[in-house]
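Given the coordinates of chain A, work out where chain B should sit on it, guided by the hints.
These protein sequence lines are chains A and B, in that order. Quick note: the first sequence uses the UniProt record's numbering, first residue 1, plus one each step. Quick note: the second sequence uses the UniProt record's numbering, first residue 1, plus one each step.
Simulated from the structure, these hints should not be mistaken for laboratory data. Given the structure is predicted, the values throughout are model-derived calculations rather than measurements. Among these hints, one or two may not hold up.
The list cannot tell twin chains apart, which means a pair is met if one copy fits it or any two copies do.
[Claimed, not checked] Pairs of lysine-lysine residues, derived as BS3-like cross-links and limited to a Cα-Cα distance of at most 27 Å, are as follows:
no.	residue 1	residue 2
1	K42	K278
2	K366	K41
3	K130	K3
4	K39	K303
5	K259	K289
6	K3	K225
7	K177	K281
8	K361	K393
9	K259	K225
Number of protein chains: 2
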Amino acid sequence: MSKVLIIGAGGVGGVVTHKCAQASDVFTHITLASRTLEKCKKIQQSVKELRGVDIDVATLDADDVEATTQYLKDLKPVLVINVALPYQDLPLMDACLAAGIDYMDTANYEPRDEAKFEYKWQWAYQDRYKDANLMALMGSGFDPGVTNVFCAYAQKHHFDEIHYVDIVDCNAGDHGKAFATNFNPEINLREVTQRGKYWEDGKWVETDPLEISQTFDFPEVGDRKAYLLYHEELESLVLHLKGLKRIRFWMTFGEEYIKHMTVLANVGMTRIDEVDYKGTKVVPMEFLKCLLPDPGSLAEGYKGKTSIGCIIEGMKDGKKKKIFIYNVCDHEECYREVRSQAVSYTTGVPAMIGAMMMLQKKWDQKGVVHMEQMDPDPFLEQLAKYGLPWHVKELPVD
Amino acid sequence: MSKVLIIGAGGVGGVVTHKCAQASDVFTHITLASRTLEKCKKIQQSVKELRGVDIDVATLDADDVEATTQYLKDLKPVLVINVALPYQDLPLMDACLAAGIDYMDTANYEPRDEAKFEYKWQWAYQDRYKDANLMALMGSGFDPGVTNVFCAYAQKHHFDEIHYVDIVDCNAGDHGKAFATNFNPEINLREVTQRGKYWEDGKWVETDPLEISQTFDFPEVGDRKAYLLYHEELESLVLHLKGLKRIRFWMTFGEEYIKHMTVLANVGMTRIDEVDYKGTKVVPMEFLKCLLPDPGSLAEGYKGKTSIGCIIEGMKDGKKKKIFIYNVCDHEECYREVRSQAVSYTTGVPAMIGAMMMLQKKWDQKGVVHMEQMDPDPFLEQLAKYGLPWHVKELPVD
Chain A
1 MSKVLIIGAG GVGGVVTHKC AQASDVFTHI TLASRTLEKC KKIQQSVKEL
51 RGVDIDVATL DADDVEATTQ YLKDLKPVLV INVALPYQDL PLMDACLAAG
101 IDYMDTANYE PRDEAKFEYK WQWAYQDRYK DANLMALMGS GFDPGVTNVF
151 CAYAQKHHFD EIHYVDIVDC NAGDHGKAFA TNFNPEINLR EVTQRGKYWE
201 DGKWVETDPL EISQTFDFPE VGDRKAYLLY HEELESLVLH LKGLKRIRFW
251 MTFGEEYIKH MTVLANVGMT RIDEVDYKGT KVVPMEFLKC LLPDPGSLAE
301 GYKGKTSIGC IIEGMKDGKK KKIFIYNVCD HEECYREVRS QAVSYTTGVP
351 AMIGAMMMLQ KKWDQKGVVH MEQMDPDPFL EQLAKYGLPW HVKELPVD
Chain B
1 MSKVLIIGAG GVGGVVTHKC AQASDVFTHI TLASRTLEKC KKIQQSVKEL
51 RGVDIDVATL DADDVEATTQ YLKDLKPVLV INVALPYQDL PLMDACLAAG
101 IDYMDTANYE PRDEAKFEYK WQWAYQDRYK DANLMALMGS GFDPGVTNVF
151 CAYAQKHHFD EIHYVDIVDC NAGDHGKAFA TNFNPEINLR EVTQRGKYWE
201 DGKWVETDPL EISQTFDFPE VGDRKAYLLY HEELESLVLH LKGLKRIRFW
251 MTFGEEYIKH MTVLANVGMT RIDEVDYKGT KVVPMEFLKC LLPDPGSLAE
301 GYKGKTSIGC IIEGMKDGKK KKIFIYNVCD HEECYREVRS QAVSYTTGVP
351 AMIGAMMMLQ KKWDQKGVVH MEQMDPDPFL EQLAKYGLPW HVKELPVD
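Chain A with its partners taken away, still in its complex shape:
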């Protein structure tokens, strides 16, 4: 019997729960916990209706390490699947350590008061997890997550040496709103308003926010302008890819999205420090989140596709080679299947697959572990089976 605890009942939490319920031979007992029980209950009901599977729900404050530890000791899951906010990665890693439970998440820890995407805080748990004979799997979403696995797959099957990687993320969907973000608005906006960064010739190169853009031909979508961003998987991939010369991350944004972001930054609405409002401290970015549509509410009627993958160039048998490994996901199909849009879907499915790998001991390494360090084959096999088919396309070498 494999009991898992999913923490976080947002859009991704819903997908993970549905997906675990689909694989009920692996996930024999599922508990979904969140600060807000109502959100868990809605997902519980949807899983019952669509999958005929019963899950448990619970109220949990993930910031409260002591209470969470006690809860874990009582519940005794074999794994905590953390799909709460990135702020909560560290308290949850603490609680898992204290209770002796394996841990995984989909996004790296980030302090509340500065927009930093760095693994240093979670890497600091390396020895403690090893000593406790526990595994902590980092970033098992799509990007990070599947993109890391694509790189590992390329390294294992396609290249002797990988020189260039461009991770390209396109959401060509239309939610019909003037402006909305596709996942937690705060995290979304932080990502976009931070300075860009990529890695080349052994060092990091910084750019202004959205300073560099390039048009890519996205499978099943076509040409789209993408902007160079810093994204967390770059930090671990530069450590694990052999012979790497450059790695960059690109994301598409429409003109309207950029316009809204620019204005919101201009007026200070993306600030994450506290501003005095009639004697109350208000963080502009968090207040903005109160005004924007709940990403979950975008799912119904969301049209179009996401197209995300890795363009990888390197050497194979003494010759140059270039491939594009990617997945295309349709918003409407996601909604039909799990009542979610594709951005949540593409994050939630890999979270379930990562958990499956851990439960089945196909991935088993103690300490803090990145996706590309694990065998990509069993992961990718299940990924295709559970809704995210992936493809490899050979590209002409420049």
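Frame of chain A; chain B shown alone:
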């Protein structure tokens, strides 16, 4: 001895105080009061430095009718010049009535919770002011204010009948900021985000916000695109101009300003209802005001000109006639003279002139009075003398 009390120590309050100090033969004793004594003291110091005139300052909560009444009874000014927020028009009119003091303002009352520019609330004081033998002068700024007087002047000297009025307001200045408003941001944004409205053939016609635009040739500025807005002077002018067929109000906005406004409206930042933020009620528009630059801070380094006036068409001696009455004001010159930008200057100078008319009994009518009901000649004579020279240009009849 003519003692006046100026209430409000924002950008306009500073200009009015400087201007009253320039006319110290009329304003023999000046007190400046505001909720924030610091702001009064800064103006006090600037008036002393630049004009060598001593004024008194005081702390006053204009929303507190009882305290204000008592203060007025103690101070015994002959006139209250209200340049506080429009929300405070009614409490101040109440206090003036109770203390038996004449009243004037520069903008009509507006309830805090809805963006309405209507005179009905202030018109409701008509009988009480008449019965108390007091005068309440409405809207003695530039627009409303000077624009009303321009219409009265046109009616008195240029037309037998006025058919069409277009009030056109252009600020061609550049404050160098990505986005800022030229006076109280809240009032500014409310004005722009409300539905447009104009008067034609005896009835009001509504438009979507910024739905209608037209290019005008602004004196000393050139062609600029202006947007049809509803503006408060329209409401009284339709009552007082003979034979009027249509009256509209137009204001220029740059593309960047419109872009910012559109985005802020899209995300809900211009809402004036309360939003729950972690248990605290926050009004988005008021929070935005905390983030935007203080309009007063824009004055230094503000370049360019304002060009505001009335394009009036009608009949004179049986023939069609069209004139443009206008003033052009230079931001840098205003800063040199009174440490203010032209938007505050063009509001503050007419406030002083209106007060002068009342103190000198050149304008003397009991009850609630609009500018166009008074003799325009003495007002316009002083207006030109105190920094806002005005011009009449004959235009070809279409």
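Checked hints:
In the homo-oligomer, the alpha carbons of K42 and K278 lie at most 27 Å apart only across protomers (22 Å), although the nearest pairing inside one protomer, at 36 Å, exceeds that limit. Taking the shortest alpha-carbon separations for K366 and K41, neither the intra-copy value of 34 Å nor the inter-copy value of 67 Å comes in at or below 27 Å. Taking the shortest Cα distances, K130 and K3 sit within 27 Å of each other inside one copy (22 Å), while across copies they are farther apart (82 Å). Only within a single protomer do K39 and K303 lie at most 27 Å apart by alpha-carbon distance; the minimum there is 24 Å, versus 54 Å between protomers.
In the homo-oligomer, the alpha carbons of K259 and K289 lie at most 27 Å apart both inside one protomer (17 Å) and across protomers (21 Å), since each shortest distance falls under that limit. Taking CA atoms no more than 27 Å apart as the test, K3 paired with K225 passes in neither setting, with 43 Å inside one copy and 66 Å between copies. For the identical chains of this complex, K177 and K281 are inter-copy neighbours only, at 25 Å across copies versus 29 Å inside a copy, given an alpha-carbon limit of 27 Å. Taking CA atoms no more than 27 Å apart as the test, K361 paired with K393 passes in neither setting, with 31 Å inside one copy and 88 Å between copies.
For the identical chains of this complex, K259 and K225 are neighbours both inside a copy (14 Å) and across copies (21 Å), given an alpha-carbon limit of 27 Å.
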